[in-house]
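**Q** Which chain is which? The protein sequence lines are A and B, in order. Residues in the first sequence are numbered consecutively from 5, following this note's numbering. Residues in the second sequence are numbered consecutively from 469, following this note's numbering.
Hint data in this document are derived by calculation from the structure and do not stem from the laboratory. Model, not experiment: these values are computed from the prediction. Cβ coordinates follow ideal geometry from the N, Cα and C atoms, glycine included. A hint or two may mislead.
Derived CB-CB ranges, DEER-like [what the hints assert, rightly or not]:
no.: 1; chain 1: B; residue 1: D495; chain 2: A; residue 2: R67; range: 26 to 32 Å
no.: 2; chain 1: B; residue 1: Q528; chain 2: A; residue 2: D33; range: 17 to 23 Å
no.: 3; chain 1: A; residue 1: A75; chain 2: B; residue 2: Y526; range: 31 to 37 Å
no.: 4; chain 1: A; residue 1: A75; chain 2: B; residue 2: T550; range: 45 to 51 Å
no.: 5; chain 1: B; residue 1: Y526; chain 2: A; residue 2: S84; range: 25 to 31 Å
no.: 6; chain 1: B; residue 1: G529; chain 2: A; residue 2: G89; range: 21 to 27 Å
no.: 7; chain 1: B; residue 1: Q497; chain 2: A; residue 2: S35; range: 24 to 30 Å
Pairs of lysine to any residue residues, derived as SDA-like cross-links and limited to a Cα-Cα distance of at most 20 Å, are as follows [as the list claims (entries may be wrong)]:
no.: 8; chain 1: B; residue 1: K488; chain 2: B; residue 2: S473
no.: 9; chain 1: B; residue 1: K509; chain 2: A; residue 2: D90
no.: 10; chain 1: A; residue 1: K7; chain 2: B; residue 2: L514
no.: 11; chain 1: A; residue 1: K114; chain 2: B; residue 2: S473
no.: 12; chain 1: B; residue 1: K509; chain 2: A; residue 2: P44
no.: 13; chain 1: A; residue 1: K114; chain 2: B; residue 2: P508
no.: 14; chain 1: A; residue 1: K7; chain 2: B; residue 2: Q528
no.: 15; chain 1: A; residue 1: K114; chain 2: B; residue 2: K532
no.: 16; chain 1: A; residue 1: K114; chain 2: A; residue 2: T24
no.: 17; chain 1: B; residue 1: K509; chain 2: A; residue 2: S91
no.: 18; chain 1: A; residue 1: K7; chain 2: B; residue 2: M513
no.: 19; chain 1: B; residue 1: K509; chain 2: A; residue 2: G47
no.: 20; chain 1: B; residue 1: K509; chain 2: A; residue 2: T111
no.: 21; chain 1: A; residue 1: K114; chain 2: B; residue 2: E527
no.: 22; chain 1: B; residue 1: K509; chain 2: A; residue 2: A92
no.: 23; chain 1: B; residue 1: K509; chain 2: A; residue 2: F51
no.: 24; chain 1: A; residue 1: K114; chain 2: A; residue 2: A92
no.: 25; chain 1: B; residue 1: K509; chain 2: A; residue 2: S46
no.: 26; chain 1: B; residue 1: K509; chain 2: A; residue 2: I50
no.: 27; chain 1: A; residue 1: K77; chain 2: A; residue 2: S46
no.: 28; chain 1: B; residue 1: K532; chain 2: A; residue 2: T109
no.: 29; chain 1: B; residue 1: K509; chain 2: A; residue 2: K74
no.: 30; chain 1: A; residue 1: K74; chain 2: A; residue 2: A63
no.: 31; chain 1: A; residue 1: K7; chain 2: B; residue 2: G529
no.: 32; chain 1: B; residue 1: K509; chain 2: A; residue 2: M15
no.: 33; chain 1: A; residue 1: K7; chain 2: B; residue 2: K488
no.: 34; chain 1: A; residue 1: K114; chain 2: B; residue 2: L514
no.: 35; chain 1: A; residue 1: K114; chain 2: B; residue 2: M513
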Amino acid sequence: AQKITQTQPGMFVQEKEAVTLDCTYDTSDPSYGLFWYKQPSSGEMIFLIYQGSYDQQNATEGRYSLNFQKARKSANLVISASQLGDSAMYFCAMREGQRNSGYSTLTFGKGTMLLVSP
Amino acid sequence: GAVVSQHPSWVICKSGTSVKIECRSLDFQATTMFWYRQFPKQSLMLMATSNEGSKATYEQGVEKDKFLINHASLTLSTLTVTSAHPEDSSFYICSAPPLAGEGTDTQYFGPGTRLTVL
Numbered sequence: 005a006q007k008i009t010q011t012q013p014g015m016f017v018q019e020k021e022a023v024t025l026d027c028t029y030d031t032s033d034p035s036y037g038l039f040w041y042k043q044p045s046s047g048e049m050i051f052l053i054y055q056g057s058y059d060q061q062n063a064t065e066g067r068y069s070l071n072f073q074k075a076r077k078s079a080n081l082v083i084s085a086s087q088l089g090d091s092a093m094y095f096c097a098m099r100e101g102q103r104n105s106g107y108s109t110l111t112f113g114k115g116t117m118l119l120v121s122p
Numbered sequence: 469g470a471v472v473s474q475h476p477s478w479v480i481c482k483s484g485t486s487v488k489i490e491c492r493s494l495d496f497q498a499t500t501m502f503w504y505r506q507f508p509k510q511s512l513m514l515m516a517t518s519n520e521g522s523k524a525t526y527e528q529g530v531e532k533d534k535f536l537i538n539h540a541s542l543t544l545s546t547l548t549v550t551s552a553h554p555e556d557s558s559f560y561i562c563s564a565p566p567l568a569g570e571g572t573d574t575q576y577f578g579p580g581t582r583l584t585v586l
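Only chain B is shown next, with the shape it has when bound in the complex:
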């Protein structure tokens, strides 16, 4: 099956700094990727849809200027949390849609990145 990786797996940063999270499709090309945020003991909430070569589509209530998404290639999407604050501490997960011809409908999820802002 398709593999999606994320880097880093965890990060601790000071308030006010920016953090970049990478999401890579390892053995396939992904023109679209999804970014989710999950607060402790809560569900996954879609933040944005990342589109290769064009602007990301953000969900209602997600600040575009705070969560910068860049999908510069067919295998890499990045999420940058700018001027991070403690309330941005969360588990961030990316995923890619199912591949045409694959026998599954599930998205392929990355392992997630745990962000802690002090």
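So that you can see chain A by itself, here it is in the shape it has in the complex:
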């Protein structure tokens, strides 16, 4: 079974509107972390936001927020007030186990290409 599922290959949004990128995950480990990364055409991986499995509140970082629904095992990324520069590939990723427990590796989803139009 896929550990990280991103069902949207591509999304379109108009500038200044909000957009939600879906991510569901599968793990039996009670301790895990969920990440979202942005990858523009240059290829660099830009860290956006992190949610720990024990975090009580949804993570927020500026225009990015993570809609964490633990029971449904979903961690959707919400981008508010989209900008043209937000056009990029977005990856959801999961780290199983606690941070620093042997440097657990990341598993990535297949990604969602977001295009922001004027």
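Go by the hints and put chain B onto chain A.
**A** Leaving out everything else, chain B in the frame of chain A:
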């Protein structure tokens, strides 16, 4: 934040030659580094975990003899693609785990190396 560099940023080589990619932690020491491969329009796939002073740990399906990893110092890990063939053409990204005491859980990613084998 911690900075990871990669060299070269892109390389074109003939089939059958070997290519070395360097991954450096610029302002911190990394006993562990990760190597990922990303084919066009696909996700990042972990290839191996590089450990300073010991053998690398390879993911299932990754040929150890083809992708040689050397982590000779606390700031440098190298990936050598031996006898490269066109199917090895890909984007290779390295990363280092988060530092203890840092307020972030994300890995620190290098900018990537685009390999094209003719």
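**Q** For every hint, state whether the structure bears it out.
**A** A quick look at each hint next to the structure:
no., hint, in the structure
1, B:D495 <-> A:R67: 26 to 32 Å, "28 Å, holds"
2, B:Q528 <-> A:D33: 17 to 23 Å, "19 Å, holds"
3, A:A75 <-> B:Y526: 31 to 37 Å, "36 Å, holds"
4, A:A75 <-> B:T550: 45 to 51 Å, "48 Å, holds"
5, B:Y526 <-> A:S84: 25 to 31 Å, "41 Å, violated"
6, B:G529 <-> A:G89: 21 to 27 Å, "36 Å, violated"
7, B:Q497 <-> A:S35: 24 to 30 Å, "26 Å, holds"
8, B:K488 <-> B:S473, "14 Å, holds"
9, B:K509 <-> A:D90, "17 Å, holds"
10, A:K7 <-> B:L514, "14 Å, holds"
11, A:K114 <-> B:S473, "25 Å, violated"
12, B:K509 <-> A:P44, "12 Å, holds"
13, A:K114 <-> B:P508, "11 Å, holds"
14, A:K7 <-> B:Q528, "16 Å, holds"
15, A:K114 <-> B:K532, "25 Å, violated"
16, A:K114 <-> A:T24, "16 Å, holds"
17, B:K509 <-> A:S91, "15 Å, holds"
18, A:K7 <-> B:M513, "13 Å, holds"
19, B:K509 <-> A:G47, "11 Å, holds"
20, B:K509 <-> A:T111, "16 Å, holds"
21, A:K114 <-> B:E527, "18 Å, holds"
22, B:K509 <-> A:A92, "12 Å, holds"
23, B:K509 <-> A:F51, "19 Å, holds"
24, A:K114 <-> A:A92, "13 Å, holds"
25, B:K509 <-> A:S46, "13 Å, holds"
26, B:K509 <-> A:I50, "17 Å, holds"
27, A:K77 <-> A:S46, "31 Å, violated"
28, B:K532 <-> A:T109, "19 Å, holds"
29, B:K509 <-> A:K74, "29 Å, violated"
30, A:K74 <-> A:A63, "13 Å, holds"
31, A:K7 <-> B:G529, "18 Å, holds"
32, B:K509 <-> A:M15, "15 Å, holds"
33, A:K7 <-> B:K488, "31 Å, violated"
34, A:K114 <-> B:L514, "13 Å, holds"
35, A:K114 <-> B:M513, "10 Å, holds"
Comparing the model with each earlier hint shows violations of hints 5, 6, 11, 15, 27, 29, 33; every other hint is respected.
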